[in-house]
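K.L.:
Now for the letters of each chain:
Protein chains: 2
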Amino acid sequence: MPDSRPIAVDAMGGDRAPHEIVAGAVHAVRERGLPVVLVGSPRVLYESLAEHDAAHEIPIVRAEEALAMDEGALASLRRPRSSIAVACHLLRRGDVSAVVSAGSTAGIVATGKLRLKTQQGVLRPALAVALPTLPHPTLLLDAGANAEVKPEILVQFGHLGAAYAELAFGIAEPRVGLLTIGSEAEKGNKLVRRAHELLDAAPALTFAGNVEGYDLLTGRADVIVTDGFTGNVALKTMEGAVRYAFDELRRSVSESRMAKFGAFMQRSRLRELSGRLDAEAYGGAVLLGLNGTVVVAHGSSSARGVSAACRLAADLSAGGLTSRIGERISAHRSR
Amino acid sequence: MPDSRPIAVDAMGGDRAPHEIVAGAVHAVRERGLPVVLVGSPRVLYESLAEHDAAHEIPIVRAEEALAMDEGALASLRRPRSSIAVACHLLRRGDVSAVVSAGSTAGIVATGKLRLKTQQGVLRPALAVALPTLPHPTLLLDAGANAEVKPEILVQFGHLGAAYAELAFGIAEPRVGLLTIGSEAEKGNKLVRRAHELLDAAPALTFAGNVEGYDLLTGRADVIVTDGFTGNVALKTMEGAVRYAFDELRRSVSESRMAKFGAFMQRSRLRELSGRLDAEAYGGAVLLGLNGTVVVAHGSSSARGVSAACRLAADLSAGGLTSRIGERISAHRSR
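Those sequence lines, one after another, are chains A and B.
With our numbering, letter number 231 in the first sequence gets 231, and the count goes up by one each step, no holes.
With our numbering, letter number 311 in the second sequence gets 311, and the count goes up by one each step, no holes.
What the hints contain is simulated information worked out from the structure, not anything from laboratory work.
It cannot be assumed that every hint is accurate.
To be verified - Distance condition first, Cα-Cα at most 20 Å in a straight line; then the derived EDC-like pairs of lysine to aspartate or glutamate:
hint	chain 1	residue 1	chain 2	residue 2
1	B	K113	B	D70
2	A	K187	B	E71
3	A	K113	A	D70
4	A	K113	A	E65
5	A	K150	B	E148
6	B	K187	A	D70
7	A	K190	A	E152
8	A	K117	A	E327
9	B	K113	B	E65
10	B	K190	A	E148
11	A	K113	A	E148
12	B	K150	A	E148
13	B	K150	B	E186
14	A	K190	B	E148
15	B	K187	B	E197
16	A	K117	A	D95
17	A	K187	B	E65
18	A	K113	A	D95
19	A	K190	A	E148
20	B	K187	A	E71
21	B	K113	B	E148
22	B	K117	B	E327
23	B	K187	A	E148
24	A	K187	B	E148
25	B	K150	B	E197
26	A	K187	A	E197
Said to hold, decoys possible - Simulated coverage check for chain B against chain A, where a stretch passes if three residues somewhere in it have a Cβ under 8 Å from a Cβ of chain A:
hint	region
27	143 to 151
28	181 to 191
29	213 to 223
We treat Cβ as the ideally placed atom computed from N, Cα and C, and that holds for glycine.
Same shape as in the complex, but just chain A (with noise of 0.2 Å):
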């Protein structure tokens, strides 16, 4: 049964909002069919919806405050009325489907805690990201909800990206893996040979093991777990790194006109590379445990990204996230 019900498009929260996100809402909705609100201020979006000619084709909820990109956790409790804490309330009430935004990752973490609640039985909700492997993405999680977590909480992450990867890439057992230093079980800190115990042992989870920093983009685990510190560093570090040899690369062929002819017979295909590289591409990080579908798409979203977001909102909402999730935690609740 198709959700009829929009999903809400935070319109103020991103380092290229308004006008990106207003691009990506109509692109959403336009050329994918998905019926989108725009949250923010009415003046600013309606003008900026009249460049599309788009005015009278999407529809605008209000809310004249904003958190800055800059803006941390605790704005979420000095702005209740900001753009991306309407937009939660919208869904929390069921007018909305799900909520994508381009805003402050630790805004958006700690309105959704505060405005949806965390789910019955979940411990932490935490946000995953979808890397680009072959042939089909590897979840991490956390990606940053959680600078601090406790052994428990890693197993329940299991069970979160678990259920994500089940729904959204289509396994029927993903297989879970510990990120950490070693392969064996006794090798890493504290927090992390306590979660191989626990993991090892706990039912309804295929574990994989330990999996360390070269195995993010080789699939040999299909979800991996660790706290939102290492989880943070470890993207960022992706991040930089596929950027640095990138970079590097284009430096290397524009050097001379040889290979320059080179590059330019490469450039179609270089460019669908990083089309699978980009996190454009495939959406944004999402934020698992929560009531309720919340995307958090790049901070430096184009329109390409916001309306990828909102596809990824719309069939995680569909296919029922929130439930799945719900399912699994009550079934297998932590000591």
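Since the structure of chain A is already known, use the hints to place chain B on it.
P.N.:
Okay, now just chain B, sitting in the frame of chain A:
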């Protein structure tokens, strides 16, 4: 005053030991003019040297045991006569100027601490890795020697790293950054929040503030400090991501004849580039804070990697790395 003492090369440590290690030692002696002794099984090494016609060129110091690559810290206690233990013993006695090993990192760290002892005033030795930024490398430490540390230890890592960067990269006042998950002082976990305060107040350290995973390869700081768990995950994530990018690129360029032609033209430039990204080219990691210079070559080191590690070991030893660290630590004892 050039040091005429040889470098002790652990000939039995490494995935490709002893043959590639011996070949690397032969290269270091013949092409770089560095004096070397090989530590390991005389029968095996004699045969291997004979293949290079070098049996009378490079001395052998007997060690009949060796640590396997999958053996961890405990093996250093179980095998007091391993090749790495004997090499450290030679360094402790002053018979050699430095130690080079491509063996198990955990084994080298444990053996080094046991045999060479930590330098006076140093809380914990750290593994430092030079990342291939330009115009000079960026030093990341700890890359895996200590899975758990305290804030004061991260401040000391700043001093260890600064001493290294002054000597090896010729930087007058190295900028020390703290690896975490946001640029603001209050971001991160308890460890880094406290370390931020201490680094900010530390005399004789140029604190560059918080850096993120993105910044490992941008040169935003000359030295980046972190705990050995996070550092090891970040380093391996970076290696995996660069390998992924190049594998993807190789795949994409060999898919059609036209693309193959482009790849052919770029081959020499690509090779030069990947050399910059290759641990073997810059000699490996260095264990800082022990009474003597220990260079940890990559476990899969070829002859080229071993020879580069010998060059690095000779340069650091000749530059007085250990005494430079000692001076910094005694001048700025942490509370």
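K.L.:
A separate judgement is required for each hint: does it hold in the structure or not?
P.N.:
A quick look at each hint next to the structure:
1. Between K113 (chain B) and D70 (chain B), the direct Cα distance comes to roughly 19 Å. Compliance with the 20 Å bound is thereby established for this hinted pair.
2. For a cut-off of 20 Å, the pair hint linking K187 (chain A) to E71 (chain B) stands: about 12 Å separates their Cα positions.
3. Annotation: proposed proximity of K113 (chain A) to D70 (chain A) holds, straight-line Cα distance about 19 Å (limit 20 Å).
4. For the proposed pair K113 (chain A) and E65 (chain A), the alpha carbon gap of about 19 Å is at most 20 Å, so the pair holds.
5. For the hint pairing K150 (chain A) with E148 (chain B), the CA-to-CA distance comes to about 15 Å; that is within 20 Å, so the pair holds.
6. Proximity of K187 (chain B) to D70 (chain A) is assessed by CA-CA distance (about 12 Å); at most 20 Å being required, the pair is judged to hold.
7. About 13 Å separates the Cα atoms of K190 (chain A) and E152 (chain A), which keeps this hinted pair within 20 Å; it holds.
8. Taking the CA atoms of K117 (chain A) and E327 (chain A), the gap is about 17 Å. The hint holds against a cut of 20 Å.
9. With a C-alpha separation of about 19 Å, the suggested pair K113 (chain B) and E65 (chain B) falls inside the 20 Å cut-off, and the hint holds.
10. A threshold of 20 Å between alpha carbons decides the hint, and for K190 (chain B) with E148 (chain A) the separation of about 8 Å falls inside it, so the pair holds.
11. Of the supplied pair hints, the one linking K113 (chain A) and E148 (chain A) holds, its CA atoms being roughly 16 Å apart against a limit of 20 Å.
12. Distance check on the hinted pair: K150 (chain B) and E148 (chain A) sit about 15 Å apart at the alpha-carbon level, within 20 Å; holds.
13. A C-alpha spacing of about 17 Å is found between K150 (chain B) and E186 (chain B), which places the hinted pair at or below 20 Å, so the restraint holds.
14. Distance restraint check for K190 (chain A) and E148 (chain B): the Cα-Cα separation of roughly 8 Å lies within the 20 Å cut-off, and the hinted pair is therefore satisfied.
15. Restraint check for K187 (chain B) and E197 (chain B): satisfied, since their Cα atoms lie roughly 12 Å apart, inside the 20 Å limit.
16. Restraint check for K117 (chain A) and D95 (chain A): the C-alpha separation of about 17 Å stays at or below 20 Å, so the hint holds.
17. Proposed proximity of K187 (chain A) and E65 (chain B) is contradicted: the alpha carbons are some 24 Å apart, above 20 Å.
18. The suggested pairing of K113 (chain A) with D95 (chain A) holds, with an alpha-carbon distance near 18 Å, which does not exceed 20 Å.
19. About 13 Å separates the Cα atoms of K190 (chain A) and E148 (chain A), which keeps this hinted pair within 20 Å; it holds.
20. Taking the CA atoms of K187 (chain B) and E71 (chain A), the gap is near 11 Å; set against the 20 Å cutoff, the hint holds.
21. Between K113 (chain B) and E148 (chain B) the CA atoms are separated by roughly 16 Å; this keeps the pair inside 20 Å, and the hint holds.
22. About 17 Å separates the Cα atoms of K117 (chain B) and E327 (chain B), which keeps this hinted pair within 20 Å; it holds.
23. The straight-line distance between the Cα atoms of K187 (chain B) and E148 (chain A) is roughly 12 Å, inside the 20 Å bound, and the hint therefore holds.
24. The straight-line distance between the Cα atoms of K187 (chain A) and E148 (chain B) is roughly 12 Å, inside the 20 Å bound, and the hint therefore holds.
25. Taking the CA atoms of K150 (chain B) and E197 (chain B), the gap is near 13 Å; set against the 20 Å cutoff, the hint holds.
26. With a C-alpha separation of about 12 Å, the suggested pair K187 (chain A) and E197 (chain A) falls inside the 20 Å cut-off, and the hint holds.
27. By the rule of at least three residues with a Cβ nearer than 8 Å to a Cβ of chain A, the coverage given for the region 143 to 151 of chain B holds, with 3 such residues.
28. Counting residues of the region 181 to 191 of chain B whose beta-carbon sits less than 8 Å from any beta-carbon of chain A gives 8, enough to reach three: the coverage restraint holds.
29. For the region 213 to 223 of chain B, the stated coverage by chain A holds: 6 residues have a C-beta nearer than 8 Å to a C-beta of that chain, and at least 3 were required.
Comparing the model with each numbered hint stated earlier shows that hint 17 is the single one that does not hold.
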